[in-house]
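**Student:** If you're matching them up, the sequences are chains A and B in order.
Note that the working numbering numbers the first sequence so that position 54 is 242, with each residue one more than the last.
Note that the working numbering numbers the second sequence so that position 238 is 223, with each residue one more than the last.
The hints are simulated quantities; they were obtained by calculation from the structure and are not laboratory data.
Remember, it's a predicted structure, so these values are computed and weren't measured experimentally.
We put the beta carbon where it would ideally sit given N, CA and C, even for glycine.
Don't take every hint at face value.
[What the hints assert, rightly or not] Facing chain B, a subset of chain A residues (Cβ under 8 Å, in silico):
no., residue
1, Ile274
2, Thr291
3, Ala296
[Claimed, not checked] So the derived label-pair ranges between C-beta atoms look like this:
no., chain 1, residue 1, chain 2, residue 2, range
4, B, Gly91, A, Gly402, 27 to 35 Å
5, A, Pro376, B, Arg66, 49 to 57 Å
6, B, Gln112, A, Asp253, 28 to 36 Å
7, B, Leu139, A, Pro475, 49 to 57 Å
8, A, Tyr394, B, Leu139, 56 to 64 Å
9, B, Val267, A, Val417, 42 to 50 Å
10, B, Ile(-13), A, Pro222, 18 to 26 Å
11, A, Lys302, B, Met(-14), 15 to 23 Å
12, A, Val417, B, Met(-14), 42 to 50 Å
13, B, Met(-14), A, Ala504, 55 to 63 Å
14, B, Thr227, A, Lys247, 52 to 60 Å
Okay, here's what each chain looks like letter by letter:
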Amino acid sequence: MKNYKYFALVAIVAVLSVSGYLLYSKKNIPAQLPIIAVVTLQSHPILDTVQENLLADLKNEGLEDGKNIQLVLRNANGQMQAVPTIANEIASQNPRLIIAITTPMAQAVKKVAKCPVVFGAVTDPEGAGLFEGEGQGNITGTSDAVPYDQQLRLIKRIKPGVTRLGVLFNPGEASSKFAMTELRKFAPEMGIALVEGSVNTSGDVYAVAQSLAGKVDALLISTDNTVAVGIAAAVKVASEKKIPLFACDSGSVEKGALAAVSAGYPQVGIDTGRLAVKMFNGEKNLPFLKAQGSEIYLNQRAAEMMSTKIPDDVVANATKVLTEIKD
Amino acid sequence: MIAALDIGIVMGLILAWSVLGLTLSYRLLDFPDLTIEASLLIGGASYAVLHRAGFGLFVATVLAVVAGGLAGAVTGWINSRFRINKFLCGIIVISIAYTVGLRLMGSSNIGQTQASTLLDLFAPLDQGGSLPFHVGSIVFLTLLAAGIIGFLFLALRTQPGLKMRVAGSNPGYARSLGIPVSRNIVLGLFITNSLSALSGVLLVMHQGFADISMGQGVLVISLAAMTIGERLLPERRMSLPTFVVFAAILGSIVYQTILALAIGAGLAATDLRLATAMFVLVVVALKLTGRVDLLEEEA
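Work out the full structure, taking the sequences as your base and the hints as a guide.
**Tutor:** Spelled out as structure tokens, the structure:
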């Protein structure tokens, strides 16, 4: 029995000393280089695109890992409870700058950081309590909110006669709440009156789309999970009534919406990197940037079904033009 | 190293109540209760909403803890009323809690990065951040732990407490004594899930936000912490309640410290879960093969 006890002690001492050594060696060698930490909640294609472009931009602007900065990367791997742990762990290393991707990560970092913070890919920085008004000293970043003004402009370019736009959305969803605020702000400028159709479950989509279709020139679905699940019903109504159905994300265009403007994630990453470099060089009170480089997705098959001709110049500028509808 | 210990103690003491919610229901009530994920979410979400609405820290905390406890009571009620499998009851309530949480918060996330919290009560002890430990938070969490442990030990020794334990461990015997079993299970789950809701409230205070997915994964880390804690303490030397309570707290702190160490060592996200799983496995294996009680003098 005693042997096991010694074995246990040896094992624990070994584990502790190895991890201690790892920590010590990592922390000590590049002690002179200022640390830039990049923390994120999880990996998925969109967030990875943002992070890759952000890191590339840091390098392009002369901040290179191991040369004049030390990059520390952390990823919670989707584990929510690791978020505060990562934020505290990074803060304890006294970095010069923390770049936090995703809303929860940015909130946790803001809570503990004593250095400048740049957030990336946060949909609604003001709503998330990250940013109140202009010039917040030590915190800035980028928003990946769908550019709703450009969305409305695209609708006008494809069908200039639109004056009444029916919007399908679930008022219980955060992104839709944000979308409606934005749409209500921009629609009057473009001579568009919104007709709101609220949907509580995906099963309501057909009925609500039907009731809207008679009163409007075009339909729009915001980035709304409830409506997205029932999109086939909306496509069916739009095809029957021969009015165009627009969306705000590329996935819905694949499923039969006619067109969408989606946030350009590579540009969000580059913008985040640029803000980070400015912050790193001591600038303060920078306003946050909304997603600029937008991507246009079109579906020609849907256009046929909805008897709408997409102008050639729009097609020429599109990021992707689809010719069929996925089931 | 010290930073990891600091983070581990704070996070460990925050999440210990979820672990204890799981172990108390499992060990004393014989009810493997999945609802802790739901009650942690409801607790955290209610606190964020109440605090945003202008309620005081203490009032918001108490109301949120009660709200989370109700999630547990629902699980117990569904189980006894409809005779549904205990796991299924928990899963049903977790699903309900997701919608309720969304409706409560009105969005999927509420930020509270500026608000001062209960964790800041002893903030002057931090001496402006010059110390390697967050002394203020640790002192508050320790006092809170002492209060809860004291309350639990007293409550478990009272007649209602003893009745509850009998109802859990031997329902047939309890019925023969005239103890209403289902009512006691509902009450017991209310208490254990109140504990988990407290973890949710503390987590929101600590991390500065409430999020609709903040409960996801709590079950797994609670099970891991429970396993570690129960292997590290000598079971034969303590009464069952003492063992369960201290194993939960110790296990939670050790697990969170290991997690912080692994993150601090720069383990890739992909390896993190394997590393923590391996650690749990090693602790379990040591005990099973060697019967090593690290804190016991002679095994």
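**Student:** Hints broken by the structure, by number, lowest first?
**Tutor:** Violated: none.
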